[in-house]
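Engineer: Line by line, the protein sequences are chains A and B. 419 is the number that the numbering used here gives to position 419 of the first sequence; each next residue is one higher, with no gaps. Position in the second sequence (first residue = 1) + 528 = the numbering used here.
Some hints could be false.
[Unchecked claim] Chain B side only, calculated, beta carbon under 7 Å to chain A, not exhaustive:
| id | residue |
| --- | --- |
| 1 | Y703 |
| 2 | A705 |
| 3 | T808 |
| 4 | P817 |
[Unchecked claim] Restricting the straight-line Cα-Cα distance to at most 30 Å, the calculated cross-link-like pairs of lysine-lysine (DSS-like) are:
| id | chain 1 | residue 1 | chain 2 | residue 2 |
| --- | --- | --- | --- | --- |
| 5 | B | K716 | A | K103 |
| 6 | A | K106 | B | K687 |
| 7 | A | K103 | B | K695 |
| 8 | B | K789 | A | K106 |
In case anyone wonders, no lab produced these hints; they're calculated from the structure. Just so it is clear, CB atoms sit at the ideal spot from N, CA and C, and this is done for glycine as well.
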Amino acid sequence: MKIFRIRWWSRLFDSISYGIKRRFGRFLGGIWATARFFTWPIRGTIQWLVQGWQRSNFRNLLFGIPAILALVGAGILWAAANVNARTVTNSYLDRARSAIDKKDYKSAEVYLQRLIDTSSSNSNQAQFDLGEVFENTDRPQRAMSIFNKLAPNDRRGYPPAHRKQAVFFAEQLNSQSTGDDIRLVRHHLTHSDGQRTPIVARAWASYYLALNQAEPAIERLEEAVREFPELSLLLGNLYLSTGEMENAKASFTNASEFLRERVEKDPYNRAARVTFADTLLKLGELDECRAVLELGMKLDPDGPYKQLLASLFTNRHDMMAQEKGAPVSVLLTALRQALNYDPTFAPAYERLVSYGTATVDGGGDLSEILADVIAQGEEPGLAHFAMSILKWKQNDVESARFHLERAYRLTPDMPFVANNLAWILATEEPSDVPRALEILEPAAQKYPNEPRLQDTYGTILMKLDRWNDALDKLERALINQQKPDQRIKLHEKLAEVYDHLKQPQLAEKHRAYAQGAPESPVPLTPAP
Amino acid sequence: MSQIAVERVAPATEKSSVANLLVVLGFVATGAFVHWPYVLSEGEVLWNSEHYSFFPLALGVFVWLIWDRLQSARVHFSGQFRIPTLVVAALNLCIYGLAVISGSNWLGWVSFLMFLMTSAMLLLDAESFRLIRGLFLILVLIIPLPLNFDTMLVINLQKIATQQASKLLDYVGLYHAISGVTVQLPDKVFQIDDACSGIRSLFSGVTTMLVFAVYYRYGLLRVALTVLQTALWVLIINTLRVFLVVYAYDHWNAGLESGWKHEALGFVSYAVMILFALSTDQALRYVFPLSSGRGKLIDEEERVTLGDSLRRWLASPFSKTVSLGLVSLFAVGFIGLGVKANLDSSRLPTATNNQLFSEKLSLEVGEQVLPETIGGWKRTKFEAVNRDKHDLFGSNSMIWTYTRNGVVAQFSIDGAYPSFHDLWYCYSSTGWELRESSNQQLSLAATPDQQEVATEYQLYRGADEDAYVIYSCVDSTGATVEPPPPAESALRRLLNRLKSGNLLSEEGGQKVVPPVIQFQLFSRDESILFAQDVDDLRNLFSEARFHAKQALASSAQ
């Protein structure tokens, strides 16, 4: 049975195989041949590997493949890196600029240093950018060193660096600049780029102003104000100097707009407020100017606004006086307003004093005019003061004293009124020195640096034989007194005081100065 | 291991007698003895040196390989001179003589290593010596390079690794700057030290592969190829390591630049480097197969070459009498020179005990050593810096900062060094380039006749950095070490030595007693210094140096 079974399966298998071969032999053969053809590389490789393994030489190759692959890989990487190195400088430049835009100066510095070290083509640009980075990171010396190298003073260099140098040196130009300084600015301006840019125009304007050439300076400033509106004021002044009033007005208007914004943005900025007020004054907008200064006085009591307001009203007085036909009372009101802001404002006082010595157009009587003002009750205080000056000039001491008394009663807070009254009381008969002291003392203590007050105070104390006290006041007056003729008188008094204080050397010194010896500072030589 | 049929190739040799051998052994012992002082001195230097401290290992491997080769073959002892032995012995004696006359420990060391070869040639017959002659290549690696070649190699390899790593960093878009051996990112600066650039692994890697090559009895050409490909792999792997450290910091803040991670990375990269070197060796074996590996000797024996008769002639020993005479002659020569060496006390203690010296420097030299003001210069700062003992800038520095009119100058005492320390290598490694250099004779204002030398450099770096350096060195006796011509290339240094007649010593014949410390003044500015500024700095250096020397002298007492 077993044999029979084997034979049966075998016969069946053989039959089937024969049948398949007869039917599909060629087809299957073709497929098989095709499969063998396409798998030949794999079969061949496997066969080669198996056979080769048996050869030691082949094992060397296998073990060496990692090194070969690694070397090839390293070579490809190295080649790629070297190819990349040719174009990487532009990337560094872009990165550096991007970092500068983002104010990431630390990164920018690294990129630029790399660029400078490795590239010759972008070196000037990179160095310039690096200089700007140093500028922005508070390293001005290093920045200047770079710009100096890029833009030498004696030959052409890198134009943007010349622009930088030109702007820097132009800012330092003034009317005292030497020819070398001006030539240096011109050298850098000539070789700089961006000739039509406002910043270069500004530098050119500074150059021409240093040469006192208004016309080309105006031309350049007209370009510069597009970006620097704060230059409008300077431009306006230049227009004024050349008589171009309309252009001046337009410039002042532009300046005032710019300054208005700035003052609104930073109300405590003194320089801006003062410049703004000055611009308004030039435009004739006195009311707005007053408002600006009064606001400044409120916000910043220690600022110069009192003097400026006093100046404003003094100017208003002058403008009204020039217009003719303005009543004296109105003029005096202007002076009073000036003195209200700053009672020691000398220009206002001088104008007030001038009323006592003025001539009337048409030959009229000044005293009549002043009496008229007093009688009308308009500014009687200042009118009485002016009348006292007039009477004093006329040697009518009695009348002068009377008017001063009236002025003092009406305007007791005016220090010059107190000063003049105290002077008359102390020096003219019948004298009343204690009362003079009583009148003057409050004013003198309120304004300790006003030389005329201290002078009178010292004189009164001399009359009372209070020599030491007199010395204090007279020496304080001498410190602050600038007028030569008044200084001579002070020296005379001080000589007398030192005589009484038994200081002959100092007395002689003052006497000599009183007699006209020049007052020059004596240099001190240090001891060896 | 196969036995080598010595009888087939060896010419007829006289059997060496025991007495002859004993005489030769005596000669060997004598030679070793006279070399011993140089071995001790130079051994200390090599042990303390960063690059050669593996030398005991190299010697051990050498001895082991000799034993391995000799024990696997039938060795014949000779004890007789042959022509090559005579030549080598004569050369050895000359080198030893030069070492004694010049007092050069380096030459003494070379002479010692050569004496090992002389002894081997004398003790063994020609064929036995041929078994081990290739092994002497290992000893070449423990001879320090002369003329500061190793320092130059160190710095140049550091720079190459840095530059190539920089290109890779650019390729992956990691923007940075390099300056000498420094890689700078916007928020971090990486100083590529010797370890990072793989200089340590260069010497050890080359030694490893050389031992491998020698063990497998490679020919000279294959040995050279092995060394070259190993050096190439050192450069590649360490460039990648520098790249990886910077890249890993930037992307993952991995901290591979210091600590255990840095050390681990070093070990891994060394292992990878050796594996690739071995793999390359295998590839080279495929392309240039070995004739028969360790059986090469048999192949040579079977080959009949044109130089065979010459080889036989060279291998034939002198007679016993002649050999004995020559041995005696050379022994007398070595002993005589050795006695002269001892009489001259030419053994120079070159070892530095850095630890003791550094302690002394830090404890007994403080801020008050230098005055508060020196000629208008005002002292504004003081600091004591401790560095790695192998740092090129010295293991210790005491730094006083002076200021005048906006110029800042730093006076420092640095140490310790075994001899004159040329600062040019240090500054060039950090990206500085030389504008001018000179040796100046300086004196104090109070004593214009007493002049002392100092070396001066005017340096620049990049577009806007300028620096001025002036320095001098003194040894432990307080004597100023005479400087060589400053910042010279190796070739020019060799020519200068030839001109001066002193080939061997940087000190030009001067006896330098280490440790050597250095006084240095450094001032950096954004613009070139004017002549007046340079004069002021020189004067500051003279005064400060005077005070520092006084303080050190009194502390030594």
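Engineer: For every hint, state whether the structure bears it out.
Structural biologist: How the hints compare with the structure:
no.: 1; hint: Y703; result: 6 Å, holds
no.: 2; hint: A705; result: 4 Å, holds
no.: 3; hint: T808; result: 4 Å, holds
no.: 4; hint: P817; result: 6 Å, holds
no.: 5; hint: B:K716 x A:K103; result: 18 Å, holds
no.: 6; hint: A:K106 x B:K687; result: 24 Å, holds
no.: 7; hint: A:K103 x B:K695; result: 27 Å, holds
no.: 8; hint: B:K789 x A:K106; result: 28 Å, holds
Against the hints set out earlier in the document, no violation occurs for any number.
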